[in-house]
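First to last, the protein sequences are chains D and X.
Each number in our numbering corresponds to the 1-based position in the first sequence with 1 added.
Each number in our numbering corresponds to the 1-based position in the second sequence with 8 added.
Hints were generated in silico from the structure; no laboratory data involved.
Keep in mind the model is a prediction, meaning the values are calculated, not measured.
Treat the hints with caution; some may be incorrect.
What the hints assert, rightly or not - Reference listing, derived: stretches of chain D covered by chain X, where coverage requires no fewer than 3 residues with Cβ under 8 Å from a Cβ of chain X:
| no. | region |
| --- | --- |
| 1 | 324-332 |
| 2 | 335-345 |
As the list claims (entries may be wrong) - Cβ-Cβ distance ranges computed for the label pairs, FRET-style:
| no. | chain 1 | residue 1 | chain 2 | residue 2 | range |
| --- | --- | --- | --- | --- | --- |
| 3 | D | T301 | X | K24 | 47 to 57 Å |
| 4 | X | S19 | D | S402 | 33 to 43 Å |
| 5 | X | G200 | D | G341 | 29 to 39 Å |
| 6 | D | L20 | X | S36 | 29 to 39 Å |
| 7 | X | L29 | D | S402 | 34 to 44 Å |
Cβ atoms here follow ideal geometry from the backbone N, Cα and C, with glycine treated the same way.
As a plain string of letters, each chain reads:
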Amino acid sequence: MSLANIICREIFFRKTNFLLSLFAVAAAAGVLIFSVLMLKAHDLKTEKIISEKEAVLKGKMDELEDASRVITKRMGFNVLVIPRDQNLGDLYSDDFASKFMPESYAQKLADSKIITIRHLLPSLIQKIKWTEKDRTVILIGTRGEVPSIHLDPQKPIMDAVKPDTAILGYELHRSLGLKQGDRITLLKKDFTVDKCFEERGNKDDITVWINLAEAQELLGKKGLVNGIMALECNCAMGDIAKVRQEIAGVLPDTQVIEFKTTALARAEIRRKAADTAKASLDSEKASRTKLRMERENSATALVSVFLFCAIVMTAFLALINVKERKMEIGIFRALGFYTGQIYRIILFRAFIIGLAGSAIGCILGAAAFLAIAGKTGDIQSAVSIMRNIVFLGYSMMIIVSSTMLIVLATIFPAHYAAQQDPAEILREE
Amino acid sequence: MIMIHQSKNISKSFSKSGEVLKIISDLSLEINSGDFISVEGRSGSGKSTLLLMLAGLLCPDSGKIFFKDDDLYSLSQATRSLSRNSGIGFVFQQFHLLPFLTVKENILAASIPSRRKDAGEKASALIEKFGLSRRATHLPSELSVGERQRTALARALLNDPVLILADEPTGNLDNDNSETIFSHFAEFAGNGGAVVLVSHDDKSAKFAKTRLRLADGKLLKV
Ligand SMILES: Nc1ncnc2c1ncn2[C@@H]1O[C@H](COP(=O)(O)OP(=O)(O)OP(=O)(O)O)[C@@H](O)[C@H]1O
Ligand SMILES: [Mg+2]
């Protein structure tokens with residue numbers, strides 16, 4: 002015979018009170034775990050919606066890019082100004098000119114009144130052996146855009162590469178395992194990697210961009226360039242002859258070829274498309290977050306009400322139980338039980354109610370969640386949520402905290418019981 | 009003859025709506041092993057009050073009560089409870105069995121505070137002795153009143169007390185059942201225990217060795 006026996010016997014004897022308490026705790030715990038699972042389901046659904054949307058947007062973006070490429074081709078074109086004596090065969094096979102011209106040509110062109118030409122980019126391009134890394138790369142020295150006095154000041158479409166820094170094409174930084182901020186040595190000079198480009202699928206991927214002045218120094222071509230790119234020429238619908246004529250007027254010892262780089266245009270378009278996509282995704286995310294918050298708020302309210310009711314109800318039922326057992330407590334005391342044992346009898350009963358009630362509640366809450374998920378047809382993700390640590394983890398937390406709360410709520414009734422004067426009780430008949 | 013229990017000049021009053029009722033006044037009592045004392049007195053004279061004080065359940069306003077050399081009311085509540093559990097058996101008119109425990113469990117409940125090891129065997133022996141063998145697994149509600157009081161007596165005897173305090177134990181029993189209870193008390197006193205019995209029952213006079221009367225807060229020999 003032990004206190005535990007007495008507690009269990011009493012529970013079976015006064016089932017109604019016990020079951021009511023159990024029900025109150027189970028309802029609160031059930032609503033709590035149900036809300037947690039529903040919110041988790043909401044989060045998973047959000048993830049799914051967002052990733053679907055991302056996929057759709059990526060497709061749309063690719064389409065947009067293709068369309069834009071066609072459109073930009075029609076709207077304007079890019080030309081390359083190279084020395085007059087450059088053999089075009091060599092140029093096309095090597096992708097860069099082997100003859101050189103003064104860098105000042107770019108400024109001359111910019112200062113001229115040819116308004117069809119925009120964005121002038123003088124560059125020194127050479128295929129070199131990167132002995133330090135034992136590979137062949139294309140080295141481009143660039144000083145960024147040459148300011149044009151007669152055009153409206155506009156944002157340069159390409160910035161200069163800062164001195165002592167280098168920009169690496171995709172294939173280079175990927176295969177060499179380099180990233181922004183790394184130090185590299187190229188033609189015996191040290192550079193800091195300033196940027197690593199994404200894959201472009203052309204020779205840019207094996208290109209190193211450095212500052213024009215440094216390139217001229219390293220390649221021994223002081224003051225020289227071998228090409229001036231003129232990007233986004235606004236000339237009348239691809240009229241290359243007119244552009245050639247105009248440029249020849251300013252720079253007689255050069256020739257002009259059409260230069261098919263869409264990389265910049267594409268980059269710009271990609272950026273714009275990405276912005277649009279991101280804005281759309283952001284608004285979706287915001288609306289899902291708002292919905293989550295609304296659901297969370299109503300769940301919190303519901304759970305709070307249930308929790309409050311459960312605590313008040315169990316405390317109240319415990320008090321009723323204790324009052325009903327007044328005589329019993331007098332007998333215990335007459336038999337020589339001390340007040341600590343009276344506390345234990347009352348509080349251990351509360352412990353059982355908290356533990357069993359919340360465990361039952363968790364099971365019922367989970368069952369309700371699965372039943373609802375079954376109706377809406379999303380049973381798989383529901384099961385995965387359940388299988389997930391979410392259910393067990395939260396159940397544990399709920400069971401432990403409910404049990405503690407119920408025991409705490411029963412301290413007053415237990416105190417009431419323990420403080421009863423046995424003499425007083427035993428006199429009452 | 010060993011002195012088991014001693015009350016020295018105890019007094020108790022209750023105030024009821026401003027009026028002070030002196031129930032026990034300057035009462036002294038010695039209880040020795042082998043004593044079988046019956047206490048008589050008018051209703052309201054304070055017999056139950058006296059028993060509760062002797063048992064360590066009600067503190068007197070003044071005076072001291074010694075049990076087994078301990079000043080009962082200077083002990084801590086827990087120690088006093090344990091002392092009562094191991095040394096004093098209480099029997100009530102209303103039996104006061106726990107309704108959700110069987111006969112055997114009711115008897116064994118008395119062993120919880122002291123955690124007696126041989127409680128099971130002792131309980132079985134008492135069940136046998138009080139003719140409750142066929143009722144051991146029954147709830148109090150399924151027992152006759154005589155069986156109920158015998159169960160309560162067995163519970164009081166489980167921890168081998170030295171003193172039994174009984175407050176009108178036969179008030180709800182018929183003659184035969186009353187005689188059985190009284191003879192068990194007499195046997196207990198004969199074996200070196202002590203019994204203080206409050207009873208209106210004339211038969212108690214036949215069994216008690218000492219008859220006292222409580223009047224005006226004092227005990228007088230009859
Ligand atoms: N806690 C209390 N508060 C106020 N009065 C009390 C209290 N306990 C007992 N009394 C009073 O003390 C007196 C004695 O009560 P007690 O129960 O001891 O009488 P009794 O001799 O056992 O009577 P009965 O034979 O009817 O059982 C009664 O008048 C009762 O009203
Ligand atoms: Mg009485």
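Outcome of the hint check:
With a cut-off of 8 Å between beta carbons, the region 324-332 of chain D has 4 residues touching chain X; three or more are needed, and the interface restraint holds. Here the region 335-345 of chain D counts 8 residues with a CB under 8 Å from a CB of chain X, which clears the bar of 3, and the coverage holds. A hinted range of 47 to 57 Å for the beta carbons of D/T301 and X/K24 is consistent with their spacing of about 54 Å. For X/S19 paired with D/S402, a C-beta distance near 53 Å fails the hint of 33 to 43 Å.
X/G200 and D/G341 have their C-beta atoms about 33 Å apart, which keeps the hinted 29 to 39 Å range intact. Roughly 54 Å separates the CB atoms of D/L20 and X/S36, a value that falls outside the hinted 29 to 39 Å. The given range of 34 to 44 Å is broken by X/L29 and D/S402, whose C-beta atoms sit roughly 52 Å from each other.
The structure shown violates the earlier hints numbered 4, 6, 7.
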